[in-house]
Amino acid sequence: MALPPNGDRSRDLSLLVFGIAVLVFATPLRLLWAQEGRPWYVPFVLWLVVSLLAVWAARASKAHET
Amino acid sequence: MRLELALLFGAGVGYLVVLFLVAYATERGFVPARLARHPMISTLALGVYASSWSFNGSVGFAKLEGYRFLAIYLGVTLACILTPVIWKPVLRLTQEYQLTSLADLFVFRYRGRAVGVLVTLFMLAGSVPYLALEIRAITESVSVLAHGAKPIVIALGFCATVTLFAILFGARHPAQRDRHQGLVVAIAFESVVKLVALLGVGAFAVFGVFQGFGDMNRWALEHPEALEALHRPVRDAPWGTLLLLSFAAAFLLPRQFHVAFAESPGPKALTASSWGLPTYLLLLSLPIVPILWAGTLLKPDANPEYYVLGITLAGSSNALSVLAFVGGLSAASGAVILTTLALASMSLNHLLLPLRPPRQDRDLYAWLLWARRALIVVIILSGFGCFLLLDKRLGLAELGLISFAAVAQFLPGLSGVLFWPRATRAGFVAGLCAGIAVWAVMLAFPLLLPASFGSPSGGLNEQLQLLPGDPWSLPTLLSLSINGLLFVGVSTLWPAAAGSLERDSWMEGKRDGAARIVAASSPAEFRMRLVSILGEDAAEAEVQRALRDLTMRLDEGRPAELLQLRDRIERNLSGLMGPVLARMVVDDSLRMDANARTALADQLRLLEQRLREARVPLQGAAAELEAFGRYFRQILEDLPQGVCALGADTDVVIWNRAMVGLTSVNAADAVGMLIGALPAPWGKLLGGFASQAAVTGREQRVRIGDHERFLQLYRSRLEAAPHAGEHLASHLAGGQVILVEDLTDSKLLQAQLAHQDRLASVGRLAAGVAHEIGNPLTGIACIAQNLPFDMDPAVVEERAGLIVEQTRRIDRIVRSLVSFSHAGAEALPLQASLAVAPFEVRSAVEDAMSLVRLSRKARGVECTNLCSAGQLVEGDRHKLTQVFVNLLTNACDASKAGAKVEVSVRPDGSWLRIDVSDTGEGIPESIRDRIFDPFFTTKLPGEGTGLGLSLVYSIVREHHGSVEVTSADGAGTTLTVVLPRVAS
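Heads up: the sequence lines are chains A and B, in that order. Counting in my numbering, the first sequence runs from 1 upward without gaps. Counting in my numbering, the second sequence runs from 1001 upward without gaps.
Hints are computed from structural coordinates only; laboratory data are not their basis. No experiment lies behind these values; they were computed from the predicted model shown.
Listed below are the simulated DMTMM-like cross-link pairs for lysine to aspartate or glutamate, each with C-alpha atoms no more than 25 Å apart in a straight line: (1) B/Lys1299 x B/Glu1004; (2) B/Lys1063 x B/Glu1222; (3) B/Lys1088 x A/Asp8; (4) B/Lys1268 x B/Asp1549; (5) B/Lys1684 x B/Asp1649; (6) B/Lys1063 x B/Asp1236; (7) B/Lys1900 x B/Glu1964; (8) B/Lys1063 x B/Glu1225; (9) B/Lys1063 x B/Asp1470; (10) B/Lys1063 x A/Glu36; (11) A/Lys62 x A/Asp12; (12) A/Lys62 x B/Glu1096; (13) B/Lys1088 x B/Asp1549; (14) B/Lys1088 x A/Asp12; (15) B/Lys1268 x A/Asp8; (16) B/Lys1900 x B/Asp1847; (17) B/Lys1896 x B/Asp1969; (18) B/Lys1268 x A/Asp12.
Turn these sequences into a full structure, and let the hints steer you where they fit.
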């Protein structure tokens, strides 16, 4: 089966990363990093991971374009 | 320790001068264009999201709400991740249709002036408090750092400076469609300044107040309540609402929309922003916790919202305090400038211009420019007025979130733009009005209530105690729910009427326009019609601009191209004065021709263009159908005959390669043109042929330059296929296909063959002719020899008469031979046309017989002309005489000496049947089908060329007749020539 055209792929990747970000920050899973006693920098580390995933999604879409 | 007011004043002015210089240097080209247009510049410019309440208010918000302050940035992160889903489609729309604000976008989608007015007014209502917030942040920052500052003076000075900047670098061009590179670079510079400032203060908090990260972490462990104060609100309080508000604000706030779409260099910038902006906000929010804890430790006498400034006063150097102040100044000024520019653009397009349209006696561009500048002043003054009136108890974050809740009301409408084509204007307006009403009652009006009414931001929420401690969730959820419900409900229950502009323009593919023809017939007429509204200069400039954009000629006259020009002018005017007025101007001055039927050529060309530009290529069955379509189209394109397909309006739809070669008219010029408007002689020829009702085929002679060509035209009417939809059927029915066959070469060949056949016949007759001429010559010689010796005048006269009679006999023979051999010679090289006239069959047969009798072979055969008088046919007498000569010659050749060859004619309805019968051996059945083939002969070489019957056949066909063969072995042959009869 052929790969979907690039426009679909970049949307798919962005939705994937969006889903992960929502899971980490918007669902009750946030209670894990907001637990009592967690280091203060934990949400920032998770945020950095999500940003790196966004970088990956942008580059993967661009690579598929070319 | 406080700073001197003069130092702060100097720092502020100095910073703003640097900002001016950065913008000026960019506009002048001192900053390389590659750098100025780099995607990172656009990303940094989007950092204008972080205004004063991010720079200052985040710490105060973190003090009250812990890590919930992160939601203000995480929501933006979530929105950025969805760049391909939300931002890029919006960018495509704004760039394609030159939409410069959110109000433009919604008017474009939902149509109607009321939409623009509603969106603009609501945006003004939601944004003016935000401007007040920024002004307040500056005045309070100065108060924190220095004594003796008068807030009103500071506020006025700040307002005057940002007004000047906004006018100089944001309102330089009359057209809002033009990008302001200097402004974007300046805002990006501001983002860098505030990041550096905040990171600097954060570094001071970690290394100046604490002794490094280790010391800070140790302090946090020793004060678990500080850490718990960050985490507990995330666990206990609603978190989703803040995420949703900041998600919406990321692209719906006026300043965000302006930078992301109106000033965007393109989709690459958005791709970079999809990860660049979240990273920037991450870096910006990193110092908040250290600053909060440093402030908690130092307990400065500052409001937690100004810890960023307050803790710097504990340091030994003023530089950090100045840096922090400049950071706050950059955060505030960027937000104010961009918000004002965006609101001015909306107000101009949707409030001012519809009320006071431009007049033709004014310079349109100057009027628009000064109107926008005036609106900038008015809006900033409104912000100043709001600053004076606002309750000082309100926190920066609270004010900011009220604005966020306002712009979030546009989320349902935006979903209708991007994802739901059946959303209607009524649904959008109903939902928005309901959302505004709830927002106003629960969030906005309490701002104006006196202190005795309790917390201004609590409102109904506090009364109901539904979500204690969270004044935004209930108003946000309630307003959005009611908004969304009405949006969906009204759109579903009262869909847009079929045929309405709203439905047709959006659901039919964003106003393809292929079914319409503009009443104006040329770009010059466009200009003339626009003058009455835009004025001479503006009308000329806009038409020229549109022609340049489309690389169209000034003499363009094709309906589809003129429609494209009209649409382009509307788009360009939309970038100048907004879509509402642009549409009004174009609808008023460049009207459509209501009586014109659909232009099929336009539809096909637009369809092909859309397929070429399709963002999502066709897949599956659609792709295969499209491939088949191209295949069949290629067949037509490659046919050796000219193919010209016409739509119902006689506009050219298909003009294949053969037509281009034949007519020297390019397909690009012909397609879309009315057939009658093609260059001479084709317009008259093909247009005349297309308009004749009954004719399906006709031979035409056309002079092109110095040459003549012979063309055979065929025509077929197109009827819609039985299964075509109603829309398609109405386009296809009434069209026709014209096939043009160039007969010039075959005509030339035929003429050459006919001439050669005649010469061959003359050759065959030569011996007989010599004998026939020899007899009278001998007689003349004998009489002349004796004439000198005859004395009797009567005898001389008699002998002279005999000589004259013999010379006449010779003359007749020679004349008929010359006439026969020359007939059709004038057809060479190209004029092989028929000299059509009615003539009697009997006389033509007689002429043919007299020629054939000259032949030696024929002298032994009795040729009898049994044709009755008065039987007429219409045609070329010479050519048909040649037909009879050939048939009689063959008949004589097939007959033995003494045999009979008869020619008779009998009418048969509207035809005449001319029979040439011999009593020879007949034509064997095995070769009967081939006797009309060129060069087919049963005679020995040198006795026949095999062209005679072939020529007979082609000449008779030229006369719309036919040739029949009746033969039996040993019983002779009858060749019957059937020709259309002419009434005598």
